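If you read the protein sequences in the order shown, they are chains A and B. Numbering follows my numbering, in which position 83 of the first sequence is assigned residue number 97; successive positions increment by one, without gaps. Numbering follows my numbering, in which position 6 of the second sequence is assigned residue number 305; successive positions increment by one, without gaps.
Rather than coming from a laboratory, the hints here were simulated on the basis of the structure. None of the values given here were measured: they were computed from a predicted structure. There may be inaccurate statements among the hints.
[Stated by the list, open to error] Quick partial rundown of chain A residues pointing at chain B, CB under 7 Å, derived from the structure:
(1) Ser71
(2) Val96
(3) Phe100
(4) Ala103
(5) Ser155
(6) Pro161
[Claimed, not checked] For lysine-lysine, the following BS3-like pairs were computed, each having C-alpha atoms within a straight-line distance of at most 25 Å:
(7) B/Lys364 - B/Lys421
(8) A/Lys116 - A/Lys95
(9) B/Lys301 - A/Lys95
(10) A/Lys65 - B/Lys301
(11) B/Lys301 - B/Lys421
(12) A/Lys127 - A/Lys65
All residues carry an ideal CB built from backbone N, CA and C; glycine is no exception.
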Amino acid sequence: MVEAPVLSNLQQARAWAVAAAVPDPEIPCVTVADLGILRDVELVDGIAIAKVTPTYSGCPAVLAIELAVETALLDAGFQAKVERVFSPAWTTDWITDQGREKLRAYGIAPPHKSSNSKLALFGETTVACPRCGSSLTSKISEFGSTPCKAHYQCDQCVEPFDYFKCL
Amino acid sequence: MKPAAALADALITLGDDHLILGHRLSQWCGHAPMLEEDLSMPNMALDMLGQARNLYTYAGGLENKGRNEDDLAYLRTDREYKNCLLVERPNGDFAHTMLRQLYFAAFMHPFWQAATTSADDKIQGFAEKAVKEIAYHIRHAGEWVIRLGDGTEESAQRMGEAVIALHGYTDELFSTTDTMQICIEANLLPDPERLRDQWDQTIEQVFAEAFLTIPEIPFPQEGGRDGRHTEDFGHLLSELQYMQRTYPGMTW
């Protein structure tokens with residue numbers, strides 16, 4: 015009976031692919047897999063259990079993301095359940111390289127890898143403009159359009175842009 | 300008291316600090332002096348609220364009385380909230396709001412940092428996330444305190460008034476309740492008293508740059524941890540709970 019586990023592995027891979035393709039509701043250019051917030055999809059007794067982790071404690075998109083993942087799995091014919099996991103905590107280092115590139119192409123400067131000290135007062139990090147690539151940029155506000163982003167402006171091409179904060 | 304019940308109670312206290320401060324910050328939404336700050340206030344409020352939700356939900360499960368996050372946030376009476384008095388102080392002007400945020404964040408940052416080694420892995424997970432979020436609050440509020448303290452004559456004067464008005468409420472951050480004490484002994488939560496040096500250091504650093512002096516406080520203000528609140532708290536609660544009190548069980 016070798017076939018049964020193979021079949022279930024295939025099903026599990028398909029469940030992962032379905033869940034992984036779900037776009038982020040606030041930044042639809044990237045998927046939940048690109049962001050690294052889809053932790054795992056397991057098949058247990060025929061039920062696809064997707065593990066999702068929040069980016070920020072107060073991220074208002076958490077419920078929307080969980081619902082979207084569950085709906086995608088249901089639409090693909092799975093019985094589905096979504097679990098929220100907190101530990102280990104998500105960091106921006108979990109955003110895939112592909113995800114970073116998609117963010118940049120979308121006009122959002124991707125987060126730096128491995129955080130610098132966020133405690134330094136007036137601490138500035140160099141954030142490259144996602145449009146023209148210039149590193150001559152200014153921080154307008156530590157807090158941007160969503161909790162995960164800061165507001166920057168390019169001094170070269172003068173375009174304002176969002177920076178996905180390094181967390 | 301069983302450890303689970305003690306932890307639930309201590310987490311609700313901690314959740315109350317976050318819920319109430321989050322509500323205060325959210326009151327700035329639409330009133331901040333510039334668009335960037337109008338974004339930053341609700342952002343910080345969301346961090347507080349998200350942390351409160353995690354704490355309440357976990358506590359509700361631990362105490363096993365069938366209370367969820369909404370029951371804890373909306374359906375208790377004033378005496379049942381154990382938040383420290385600092386977080387319920389009115390927003391006042393920008394100097395008051397930013398100083399209050401700095402005082403709280405400078406405490407919560409080392410708190411969460413220490414909680415990343417909690418014996419409870421759920422608390423570890425909350426802490427790992429919250430410690431990074433609160434770091435932004437220190438930086439943001441700290442920058443404002445410096446900008447105002449080292450600003451114009453009027454901004455410096457108002458910043459000085461905020462220090463006089465709020466500094467007396469900071470001591471309560473380091474107080475503990477009986478249930479917190481049980482959690483500290485079980486290595487579930489950090490001991491606030493051991494965070495005092497780090498808090499002092501942050502405040503001294505910011506105050507030095509802001510040309511502010513730390514006042515002598517002969518009689519620290521406290522009582523929130525026992526459920527004894529200031530008059531302002533009743534008004535805050537009536538606004539916070541209005542919907543659930545008027546339309547019990549409403550959802551949207």
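Now the hints, each set against the structure:
For A/Ser71, the shortest C-beta to C-beta distance to chain B is roughly 3 Å, which falls under 7 Å, so the interface hint holds. Checking A/Val96 against chain B: minimum C-beta separation of about 15 Å lies over 7 Å; hint violated. The restraint placing A/Phe100 at the interface with chain B holds, with a minimum CB-CB distance near 3 Å, inside the 7 Å limit. Hint status for A/Ala103 relative to chain B: holds, with the closest Cβ pair at about 3 Å, below 7 Å.
With its C-beta approaching chain B no nearer than about 4 Å, A/Ser155 sits inside the 7 Å limit, and its interface hint holds. Interface restraint check: A/Pro161 against chain B, minimum CB-CB distance 5 Å, threshold 7 Å, status holds. Only pairs whose Cα atoms come within 25 Å are accepted, and B/Lys364 paired with B/Lys421 is accepted, the gap being roughly 20 Å. A threshold of 25 Å between alpha carbons decides the hint, and for A/Lys116 with A/Lys95 the separation of about 28 Å lies outside it, so the pair is violated.
Using a Cα cut-off of 25 Å, the hinted pair B/Lys301 and A/Lys95 is violated, with the two alpha carbons roughly 32 Å apart. Between the alpha carbons of A/Lys65 and B/Lys301 the distance comes to roughly 31 Å, so the proposed pair goes past 25 Å and is violated. Of the pairs offered as hints, the one joining B/Lys301 and B/Lys421 holds, with about 18 Å between alpha carbons and a cut-off of 25 Å not exceeded. Between the alpha carbons of A/Lys127 and A/Lys65 the distance comes to roughly 24 Å, so the proposed pair stays at or under 25 Å and holds.
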